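With the sequences and hints as input, model every part of the structure.
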Amino acid sequence: AQSVTQLGSHVSVSEGALVLLRCNYSSSVPPYLFWYVQYPNQGLQLLLKYTTGATLVKGINGFEAEFKKSETSFHLTKPSAHMSDAAEYFCAVMDSGYALNFGKGTSLLVTP
Amino acid sequence: ETGVTQTPRHLVMGMTNKKSLKCEQHLGHNAMYWYKQSAKKPLELMFVYNFKEQTENNSVPSRFSPECPNSSHLFLHLHTLQPEDSALYLCASSDARISSDSYEQYFGPGTRLTVT
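So the sequence lines, in the order shown, correspond to chains B and E. Going by the numbering used here, the first residue of the first sequence is number 1, and it counts up by one from there. Going by the numbering used here, the first residue of the second sequence is number 1, and it counts up by one from there.
If you are wondering where the hints come from, they were derived from the structure by calculation, not from laboratory data. Note that the structure is predicted; figures quoted are calculated from it, not measured. The reader is advised that the hints may include incorrect statements.
Which bits of chain B does chain E cover? Going by a derived footprint, with three or more residues having C-beta under 8 Å, they are [to be verified]:
| # | region |
| --- | --- |
| 1 | 36–46 |
| 2 | 87–99 |
Okay, derived cross-link-like pairs now, PhoX-like style, lysine-lysine, Cα gap no bigger than 25 Å in a straight line [as the list claims (entries may be wrong)]:
| # | chain 1 | residue 1 | chain 2 | residue 2 |
| --- | --- | --- | --- | --- |
| 3 | B | Lys104 | B | Lys58 |
| 4 | E | Lys52 | E | Lys40 |
| 5 | B | Lys68 | B | Lys58 |
| 6 | B | Lys69 | B | Lys49 |
| 7 | B | Lys49 | E | Lys41 |
| 8 | B | Lys104 | E | Lys36 |
| 9 | E | Lys41 | B | Lys104 |
| 10 | B | Lys49 | E | Lys18 |
| 11 | B | Lys104 | E | Lys52 |
| 12 | E | Lys18 | E | Lys52 |
| 13 | B | Lys68 | B | Lys104 |
| 14 | E | Lys19 | E | Lys52 |
| 15 | B | Lys68 | B | Lys49 |
| 16 | B | Lys69 | B | Lys104 |
| 17 | E | Lys52 | E | Lys22 |
Every residue, glycine too, gets a C-beta built ideally from N, C-alpha and C.
Right, here's the structure in full:
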C-alpha cells in the first residue's frame with residue numbers, strides 16, 4: 001500500500017526565511033503525490049501535485065516541490081516565508097482506488 | 001455555490017441522537033469521499049463513492065452510515081455516537097475517470113462534530 005511520512009510535526013521559521021517541509025513516500029507503483037494546506041477551521045486546499053512529467057512542480061502561493069525517485073521524497077519548499085503561510089501542511093499519495101493516503105501533517109509557525 | 005459545500009458547519013449531539021451531515025459538490029466530479037480528522041491523528045479515510053457506488057469502507061463502525069443518492073450529493077448519517085467520534089468530518093470530491101489526468105481531491109470546509 002502507498003503511504004507517506006512527514007518528518008517533523010512542527011516547523012518554525014522566521015519571516016523571510018526558507019521553508020522546507022519534508023515528505024517521504026512508500027509506493028510499489030509510480031506515485032501520484034500531493035501537498036495540501038489547511039488553515040484553522042477550514043478544509044484542505046491543494047498546493048501542488050506531481051503525477052508525471054517534470055519533477056519540479058510549482059504550486060500556489062510561491063510553493064514548489066521536487067519529486068526525487070532515488071530518495072523517495074517530495075519535499076515542499078518556499079524561498080521566503082510570509083506570516084500568512086502559518087498553517088497545517090499535509091503530504092498525500094494516491095492509492096490504487098483514487099483515494100488519498102495522508103501523512104500526519106506538519107504545523108508551520110512563522111515568527112516575525 | 002461553487003466547489004464543495006458542507007452543512008452544517010458545526011453540530012453538537014448527544015449519544016442517543018440521530019443526525020445527518022450533508023455534502024454537495026458543484027464540480028461535475030464522479031467520486032466523493034468522507035474523511036475524519038481528529039486531534040493528533042492523521043486524516044482517516046472513511047468511505048469512498050465512485051459513480052454513486054460505494055467502493056471503500058475502511059472498517060468504519062456501523063453507527064456511521066453513508067448515502068450517495070447521486071454523484072453530486074453525499075450524506076453521512078449518524079446514530080448512537082460516542083464521545084470519541086467528536087472530530088472534524090471532511091467531504092471531498094474528485095474526477096476519478098480513467099481518462100482524467102487530474103486526480104486531486106477538492107475538500108469542503110468540514111463539519112465540526114461534538115458528541116456529548
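Hint by hint, here is what the structure shows:
1. 36–46: Satisfied; 7 residues make the cut.
2. 87–99: holds (count 5)
3. Lys104/B <-> Lys58/B: holds (23 Å)
4. Lys52/E <-> Lys40/E: Status violated; Cα separation ~32 Å.
5. Lys68/B <-> Lys58/B: holds (15 Å)
6. Lys69/B <-> Lys49/B: holds (15 Å)
7. Lys49/B <-> Lys41/E: holds (23 Å)
8. Lys104/B <-> Lys36/E: holds (13 Å)
9. Lys41/E <-> Lys104/B: holds (7 Å)
10. Lys49/B <-> Lys18/E: violated (38 Å)
11. Lys104/B <-> Lys52/E: violated (29 Å)
12. Lys18/E <-> Lys52/E: Within the cut-off at roughly 23 Å; holds.
13. Lys68/B <-> Lys104/B: Cα-Cα ~21 Å, so holds.
14. Lys19/E <-> Lys52/E: holds (21 Å)
15. Lys68/B <-> Lys49/B: Distance of about 14 Å is within 25 Å: holds.
16. Lys69/B <-> Lys104/B: The given pair, whose Cα atoms are some 21 Å apart, holds under the 25 Å limit.
17. Lys52/E <-> Lys22/E: holds (15 Å)
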